[in-house]
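K.L.:
Keeping their order, the protein sequence lines are chains A and B. All residue numbers for the first sequence refer to this note's numbering, where the first residue is 2 and numbers rise by one. All residue numbers for the second sequence refer to this note's numbering, where the first residue is 2 and numbers rise by one.
Hints may be right or wrong, so weigh each one.
Said to hold, decoys possible - Cβ-to-Cβ under 8 angstroms is the rule here; a few derived chain B residues that face chain A:
| id | residue |
| --- | --- |
| 1 | 74 |
| 2 | 95 |
| 3 | 98 |
| 4 | 213 |
| 5 | 218 |
Stated by the list, open to error - Pair ranges (Cβ atoms, derived):
| id | chain 1 | residue 1 | chain 2 | residue 2 | range |
| --- | --- | --- | --- | --- | --- |
| 6 | B | 222 | A | 265 | 29 to 37 angstroms |
| 7 | B | 221 | A | 286 | 38 to 46 angstroms |
| 8 | B | 222 | A | 3 | 40 to 48 angstroms |
No lab work stands behind these hints, which were simulated from the structure alone. This structure is a prediction, so every number in the text was calculated from the model and none was measured. A virtual CB, placed ideally from N, CA and C, is assigned to each residue, including glycine.
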Amino acid sequence: MAATPLNLKVLSEKPTPLSGGHRMCAGCAEAIIVKQVLLAIDDPVVVINGTGCLEVSTTIFPYTAWRVPWIHVAFENTAAVAAGVEAAYRALIRRGGFPADRRVVFVAFAGDGGTYDIGLQALSGALERGHKFLYVCLDNEGYMNTGIQRSSATPRGAWTTTTPVGAAMPGKLQWRKDLTGIIAAHRIPYVAQAAPTHWKDLMSKVRKAIAMDGPAFLNVLADCNRGWRHDPALTLEVTRMAIETCYWPLFEVEDGVWRLNYRPRRKLSIVEYLKLQGRFAHLLRPEHQDLVAEIQAEVDRRWEELLRRCGEPV
Amino acid sequence: MGRWVALEGTEAVAYAMKQVAPDVVAAYPITPQTGIVQAFAQFVADGEVHTEFLQAESEHSALSACVGAAAAGARAMTATSAQGLALMWEILYIAASMRLPIVMPVVNRALSAPINIHCDHSDSMGARDSGWIQIYSENAQEAYDNTLQAVRIAEHPQVRLPVMVMMDGFITSHAVERLWIEDDDAVRAFVGTYQPACTLLNLERPLTFGALDFYDYYFEHKRHQVEAMRRAKEAILEVAEDFARRFGRRYALFETYRLEDADVAVVVLSSTAGTARVAVDNLRRLGWRVGLLKPRVYRPFPDFELIHALRHVRAIGVMDRAIAFGAMENGGPLWLEVLAAAHRHDLRIPIANYVFGLGGRDITPSEIEGIFTDLMQIAERGTVTRPVTYVGVRGEMPLPTPAEWSLWIPEATMAGD
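Work out the full structure: start from the sequences and follow the hints.
P.N.:
What follows is the structure, encoded as structure tokens:
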């Protein structure tokens with residue numbers, strides 16, 4: 002069977018595994034990303050979902066928005082549950098309890114809290130063991146489900162309810178964790194960073210990921226307008242600016258080879274990204290000029306490091 | 002036909018697991034359970050069992066993987082001890098609430114701190130209200146038999162709950178015992194094939210597992226769980242009956258020893274029941290009418306049956322290998338349960354508690370004879386003056402000896418003296 006072509010007309014006619022009527026916020030990037038990920042997959046899919054916005058908003062008993070098999074167990078163990086499901090699939094095929102020619106794709110979704118922080122151990126273990134599944138981190142840079150607290154994915158200078166802005170504190174003090182780099186260091190077959198604005202890039206990455214014989218990881222920037230403090234209509238604008246400023250580069254690491262997938266024609270100042278979001282509003286005040294300069298320097302440093310890794314001219 | 006073998010407790014359980022041949026085993030090493038995962042891994046490596054064996058990076062992940070596997074329609078098992086069980090805590094409740102028939106041998110070990118690797122029951126007693134069925138084993142034979150039966154109990158259509166099978170750390174897990182193992186085919190016929198009610202891998206009928214449940218449904222789901230636990234008692238007996246029919250070894254909710262005409266009785270779990278039997282025999286030789294009750298099933302707690310079996314005695318001593326800190330008199334969980342059951346079923350006799358063996362401290366026949374002596378005095382007085390005795394601890398008032406009992410009641414002379 003030929004893969005569904007990645008064009009909008011065809012995709013718009015494909016039934017979505019996540020139905021409408023769920024209770025995600027207006028303008029939530031997660032719902033968009035989940036649809037993009039699942040529409041890219043033609044084989045049957047089983048979804049493993051960590052605790053978080055996506056889980057609570059789509060499965061309020063007795064309703065479910067999922068048209069595919071779906072399981073949620075807890076917060077920090079998404080990858081471990083996925084490992085168990087995948088092991089069961091292989092075991093059942095072996096004992097004739099499941100048709101051997103029936104390919105099933107296992108997709109795990111979890112937020113940055115469930116991935117960068119509390120679920121990192123379970124993820125690392127599952128990747129090392131080599132279970133064949135795709136893990137998608139919906140990175141909205143904070144604990145948004147509990148009401149906007151900092152995670153290790155929250156960027157320096159951002160306001161959250163546990164890194165509030167006050168006379169003594171300018172928001173979060175620490176740099177965000179380079180999770181994609183950490184996952185790449187596991188030397189799994191496929192690791193990539195993506196964003197819903199570049200949907201074709203994202204969907205192609207999903208296809209590459211599930212074709213691998215082993216674990217694959219996708220880190221997707223998932224704008225949260227409630228937490229990032231902006232108009233819900235601006236989700237994709239803000240995401241686009243994260244990419245144009247090189248704050249969130251699109252790249253992939255395939256069998257250890259780093260490749261840049263998108264290079265802005267003209268790299269924009271990080272201020273263009275910061276100024277769109279209420280969580281950074283305080284940074285634009287004169288007293289935080291130095292901090293903005295530091296943030297710009299760090300974005301530049303990480304970008305150039307990535308260019309070098311990808312063999313791109315710096 | 003089966004055969005006699007000499008195996009350590011952990012090896013006996015690993016052998017049972019090999020014969021059950023679960024689809025998925027996800028586990029993590031921890032003393033004194035490690036022997037189970039090691040032996041099982043060897044069976045996998047030797048091609049003697051075709052199980053997806055997954056050594057997780059933690060017990061939390063091991064049980065999480067079992068939950069995923071069981072939801073996907075696989076027969077899943079894990080095994081642990083102490084800190085590992087404590088780390089699983091969150092997922093214990095989830096496995097039970099999702100009604101997944103996971104079987105988990107637990108090799109009882111004291112919980113930290115102070116860190117200690119030896120036996121007590123603080124680990125599994127801490128999980129007593131997590132919704133798992135709990136079965137305690139006295140020796141390697143029972144651990145083997147209970148592991149086989151646990152699979153049937155867990156998967157029983159009227160139950161569908163996870164089961165823990167306990168054995169005492171080191172005392173049972175690391176001692177070589179002679180036990181009878183059944184043929185692979187006979188075990189396979191006994192355990193049958195897992196028939197899940199619904200599975201994640203049913204692609205034709207996509208289901209949502211682990212949905213968010215608020216005040217409008219959560220309580221009903223918990224109520225259903227109660228029913229499953231209530232029905233488990235009958236299922237446990239039904240499975241035991243079939244086990245006895247096939248293999249000749251008979252199991253019940255508990256076992257009694259010389260209890261029928263006893264004046265006083267001790268209630269104790271697991272390997273210590275073996276020691277207590279020696280004490281019972283020693284005192285019976287002196288003409289004392291003492292007996293023993295060893296609970297096998299702790300969850301669901303067989304309150305009615307247990308009290309019925311003890312109705313004729315004049316005093317009960319409950320031996321606990323764990324402390325329920327801050328509970329009544331800082332006694333042990335088994336004592337609290339027996340007290341509550343006695344009250345519930347109108348048994349008005351003195352019931353004293355003897356906490357023993359924490360962190361693997363030895364308990365000797367003579368100490369248990371001391372407990373029986375104390376119970377004789379309690380029966381004579383008709384009341385408990387010291388509700389909880391910590392047996393064999395420095396600085397504690399020692400228990401009376403049988404010799405002292407004959408001084409206390411002069412006509413109760415020592416036989417042979």
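K.L.:
Each of the hints needs a verdict: does it hold here or not?
P.N.:
Quick rundown of the hints versus the structure:
Against a cut-off of 8 angstroms between C-beta atoms, the interface hint on residue 74 of chain B holds, since the closest Cβ of chain A lies about 6 angstroms away. Hint on residue 95 of chain B holds. Least Cβ distance to chain A is approximately 6 angstroms, under the 8 angstroms limit. Among the interface hints, the one on residue 98 of chain B is violated; its C-beta lies about 10 angstroms from the nearest C-beta in chain A, farther than the 8 angstroms criterion. Annotation: interface hint on residue 213 of chain B holds; nearest CB of chain A at approximately 5 angstroms, less than 8 angstroms.
At a threshold of 8 angstroms, the smallest CB-CB gap from residue 218 of chain B to chain A is about 5 angstroms, leaving the interface hint in force. Remark: the range hint 29 to 37 angstroms for residue 222 of chain B to residue 265 of chain A is contradicted by a beta-carbon distance near 51 angstroms. Between residue 221 of chain B and residue 286 of chain A the C-beta distance comes to about 53 angstroms, which lies outside the given range of 38 to 46 angstroms. Take residue 222 of chain B and residue 3 of chain A: their Cβ atoms lie about 44 angstroms apart, and the range 40 to 48 angstroms holds.
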